[in-house]
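Protein chains in written order, with our numbering: chain A, 1 to 484; chain B, 1 to 681; chain C, 1 to 213.
Treat the hints as calculated values from the structure; they're not laboratory data. As the structure is a computational prediction, the values presented were derived from the model and not from experiment. Hints are not guaranteed to be accurate.
When the alpha-carbon atoms are kept at most 25 Å apart in a straight line, the in silico BS3-like pairs for lysine-lysine are as follows [to be verified]:
1. A:Lys-429 with B:Lys-639
2. B:Lys-611 with B:Lys-597
3. A:Lys-357 with B:Lys-639
Not close to chain A: a few residues of chain C, all C-beta gaps over 10 Å, as computed [as the list claims (entries may be wrong)]:
4. Ala-18
5. Ala-55
6. Arg-85
7. Arg-185
All C-beta atoms, glycine included, are put in the ideal place defined by N, C-alpha and C.
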Amino acid sequence: MNWADLNLLPASTELFMLTAILLILLVDMCLSDAKRGITYGLTLLTLAICAVVQVSTYTPYPVYAFSNMFVADPMGGMVKLAMYATTFAVLVYSRQYMTERGIFSGEYLALSLFALLGMNIMVSATHFLSLYIGLELLSLSLYALIALQRDSVQATEAAMKYFVLGALASGLLLYGISMVYGATGTLFLADVAKAIAGGSANHVLLVFGLVFIVSGLAFKLGAVPFHMWVPDVYQGSSTALAMMIGAAPKLAAFVFVLRILVQGLGALVADWQGMLVILAVLSMAIGNITAIAQTNIKRMLAYSTISHMGFLLLGLIAGTPEGYSAAMFYTIVYVLMSLVGFGILLAVSRAGFECEKLEDLRGLNQRNSWYAFLMLLAMFSMAGIPPLVGFYAKLAVIKSVVDIGLVWLAVVSVVMSLIGAFYYLRVVKYMYFDDKQDNSPIVVRADMKLVLSVNAVALLVLGMLPERLLMLCVEAMKQSLNAL
Amino acid sequence: MMSLYLLIALSPLVGSIIAGLFGWAIGRRAAHVVTILGVAVSAALSLKMLHAFLTGQAEVFNAPVYTWLTVGGYEFSVGFLVDSLTAIMLVVVTSVSLMVHIYTIGYMQEDPGYQRFFSYISLFTFSMLMLVMSNNFIQLFFGWEAVGLVSYLLIGFWFKRPTATFANLKAFLVNRVGDFGFLLGIGLVLAYFGGSLNYADVFAAAPALASKTIQIFPGVEWSLLTVTCILLFVGAMGKSAQFPLHVWLPDSMEGPTPISALIHAATMVTAGIFMVSRMSPLFEMSDTALNVILVAGAITALFMGFLGVVQNDIKRVVAYSTLSQLGYMTVALGASAYSVAMFHVMTHAFFKALLFLAAGSVIIGMHHDQDMRNMGGLRKYMPITWITSLVGSLALIGTPFFSGFYSKDSIIEAVSTSHLPAAGFAQFALLAGVFVTAFYSFRMYFLVFHGKERWMENHDSHHAHDEDHEDEEVTADHHHGLSPDETPHESPWVVTLPLVLLAIPSVLVGWFAIKPLIYGGFFKDSIHIDAVRHPGMTELAEEFHGPLAMVTHSLTTLPLWLAIAGVVTAWVFYMKAPQIPAKIKSTFAPVNTLLEKKYYLDEIYFAVFAKGSRALGTLFWKVGDMLLIDGLIVNGTAKLVGAFSGVVRKLQTGFIYSYATTMIVGVLALVTIWFAQLILR
Amino acid sequence: MNFETVVFYVLSAILVLAGLRVITAKNPVHAALFLVLAFFTSAGLWLLMQAEFLAITLVLVYVGAVMVLFLFVVMMLDVNFEQLREGFWRNLPMAGTVALIMVGEMALILMSPEAKLGSYHAAAPLAADASNVKELGRQLYTTYLLPFELASVVLLVGMVAAIALTMRKRKDNKTVNPGLQVKVRRNDRVRIVKMDAEKPAKPETGDAAEQQA
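All chains should be modelled from the sequences, with the hints used to inform the complete structure.
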């Protein structure tokens, strides 16, 4: 053990982030509520610096740190950048909302960064233990964030449900990991892969563990039948938190799944493929069909998330590098879309009024045509209507399953996305064809307006020029999966 | 070079975006300045490029610009192919567009949609440039659809007029038919020609497929190339308004006149001609397809000319003459004389744009009255319009030394050297067409510029709307004809300047361009002719001894005398003895009705396709929608979804323990499925 | 069957039973005490595996600290446990069936010959002078440095969350700041006002007011 083994440089972003969080906590202690803007500015600055450090320490091949416990590879780097951007947008969108509800505290910002740190670890871990601790760091921060809104019974309930079910899912995951350890004698992903490939591992134990691991992962993604928490937590927690849960953590969960299933248990692809097919079909079906029956838009978006996770799984099911990069593309696109959707809900909400019902969007076009248009972009993109980027995302994952011969699965997913189009278009109908019932003006801070507009227009621009991002995903995947 | 080409294509787009999105902010003046600037940059650069090609300094440029999407091994990219064919189209498009931009300043002066209009025409220019610069089918198709889209937008520009929206819809629907064929053609290309949509790859793959056949109906073998070519040509028929898909073009005159000049005369309608020329390596391999092209072109050339004879709306006369001239170009394609067709595209673009703009000038002078029966003697009031119209008409009918003469005569010569079975019919149709063209052109010319000032005597008649006339209904903000005591005035300089500028090439371009363009091997890199099977062009080249010799030669051939006969007949009918046409009209009433009803094609289409499809639609609606979809699928699905959601909702109790149970059951199910063998044993 | 095996089975049986009682015991204090028992027996199992440090830590941390805290909470808070247990018997059949199937399936799978559990053998006994603590420390500060540090971050998050959830300004919070209390001077609290003497108020007005009321 020496400094060379430690090799901290690849983890410099995480180290900086942790230092910055501690500083922010200290600084925030000395600030009054009126000066919370300073903490906010520091948090955004931290994110910006993290992004800069991330870019400047980029390497086109994987490098290891912390005695091989931590890896920095192009895929991780790209996802981390996306997570910084996402968290940045989440904080910008939620500032006004949280302030109006009196929960815009330093802890909110610090816990958001803690969650981000947890996600970074999930993305970069190469060992089941560090993967798990990253996951717990994220989850714990999220539970606390939801519970921060203490006056709200619903939020407390949501936090409780999330916590208990999350603990159960962690239990499943750990049990599965212990089985894998039993079969291979190691917890390093690379060594696990080597042991399985070498044929020395106990196959029954492995697959038995795999079932539990897949269940735990499915919970984190929110795939059916491990999805029950999603609608309740989305509905119960404040809109800002629902947005946060649905955004960056999905990116982290995607890489988390990829590291475990592909980099660790890649040799068991024949087994987990089938499990993921079941999860994907159920998620797409139940997500899309149940969403139709929802009148609460947060719940509707929750079911929409479930169905999107089904689509994401399609890319993983393929078990090919193209499929993985398609899934990565899908995840990034999904996060962009979901940010816009929730961003609009936050913009329409105001002090004392929560935009929660579908009816609350009635006549949005008459109230503010620009936000209606942005929401329209998000909805069209989620429905997968060209030329918005959601279309290419769906196309890419569906193509990847067609390529491995699962045509029926492709057909099912197309049918499901058609069913899904119904409830997305219903939102558009409410916005454009119904008369407004609420005349209060929509007041939004300029920074949020700018970021939200850029975010939504990106859906259109990426839809017209998807190639660059798609190629980035393919490249990152290629550079990262070859090693390890 | 790449940046130069990008600049050519993108500068009109920039103008369009600025005028379209920020037109409200920057005002009218800035809107036209910025769009004209954009197009002027394109035009100047195109001219420079054409010069480079003419002097042999430029090389064929073929490279991708941006890979747009890769799906399933198929690459869809934006790419430029710039060769002599492109260069000539670029010059035609940008220069006519520039003229039209300038002209619009005067023509649309009072229109509330001024900035929108400039944005549209610049957008059109951009789309057209992308179309002609494309190096692959997919971009070609996008450009194709984009020009179509702008064309629909512009036909319906005065969307408050019901006739305009009808014409707009008609153009849209008829073009869909053509596009359907075109898309099928592209599909065949993608499926059989090596899986690439790049021209170069497709042309390289074509020779190997010469004898390949496909089965469309079981048991009937079709040559792949013939089917592909005919389908592609169906696309060209829609866009270039060839019989029987021509019906939209006359109605498109509902749009503002600058549009008629730019889109429906000079550029967009020649996209079909351009496309077939571009695909010459494919078409050369299928004699059947060439015959089809010959027949379609010949019918269009002659029969659309007849219709021009009975029209009273000045713009419609020019519109039918456009149809007829497009027929000429198509015939040239069928005779494998692609270069001649392109030559005619160019000359026609200039003189037909000139005629349209002159007609527009007349319309301005007549305060938006388009009926020729109310005009007459305008030469005194609008001298510049008069002279330029005369130049345009002379060019159109093929007067020696005018540009139209060289291109049209070359087409007729080319057809006479073609050995295809349909060439005989085509040649006859073209010759007869020469007479008809001369007749209706000068009928219009005499009615408008000579004779008595009729608006002074029978002004009332144009308020009594008869059938040809109803499309003249204009919105309230337009003037409604001249009152008897008014006199028309010459249009402002922004209107007459383009007329003069267009008149110059209408006269000169033929003389100077025929040798380099057709016989100088200018198109050798872009047009491929199978000289063994279609030796027409080589024979033509042997007979060519320079532009002057062509004139002397023409004195001994039929077309010139037919044209003269046409002019004389028109003079007799409309200047000397105006009672004759009326007499003929009554004697041959059925023929006249047939012509006035445009061969009843609109009625037939309406009865067969519109009513038929409506009946079919009703059937489907009753049986399919009401019974199956509404009854079973929609309501059934709704019920199913409702029931399903009900079940799911029951599971979604909100209690943690039931969620946890669900998760455990999920794990259990997975375990059971994956270890069924072990457990059941 | 040697002595160690007997101890193992005895301890395991107690552990499982204690675990069952934790969730079935009606009295929450009893449940907590059964949990203590479960911790003790698992510590015993670790001892059997020669993991002395872990066993002792388990007893010290969980039994000594966590469970005592638990008992305090259970005894001090007025939680209606009857209400929490509502529906227990109603859901028992379902839950029991699922649990039984689960156990059955796991047993079938893990005991099947394919699982080859027989191929796993006990680890070789450690040398008499092997130091459990030293080895753990070495591992924690070398290979497992990252998870170790991260665990501390997780604890920090727990602290931040707990403080954020409990220590915010509340309207009904009656805490006082001792610093301010010490700093206070008489002048801050008492103001002496000089004023002229006044005549006592006239009694009639008071009567009038009473009459009006």
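Against the structure, the hints come out as follows:
1. Of the supplied pair hints, the one linking A:Lys-429 and B:Lys-639 holds, its CA atoms being roughly 22 Å apart against a limit of 25 Å.
2. At roughly 19 Å between alpha-carbon atoms, B:Lys-611 and B:Lys-597 fall within 25 Å of each other, so this suggested pair holds.
3. For the hint pairing A:Lys-357 with B:Lys-639, the CA-to-CA distance comes to about 23 Å; that is within 25 Å, so the pair holds.
4. For C:Ala-18, the shortest C-beta to C-beta distance to chain A comes to about 19 Å, beyond the 10 Å cut-off, and the non-interface label holds.
5. The claim that C:Ala-55 is not at the interface with chain A holds, since no C-beta of that chain comes within 10 Å of its own (minimum 19 Å).
6. The Cβ of C:Arg-85 sits about 16 Å from the closest Cβ of chain A, beyond the 10 Å cut-off, so the non-interface label holds.
7. Every Cβ of chain A is farther than 10 Å from the Cβ of C:Arg-185; the closest lies at roughly 25 Å, confirming the non-interface assignment.
Of the numbered hints given earlier, the model fails none.
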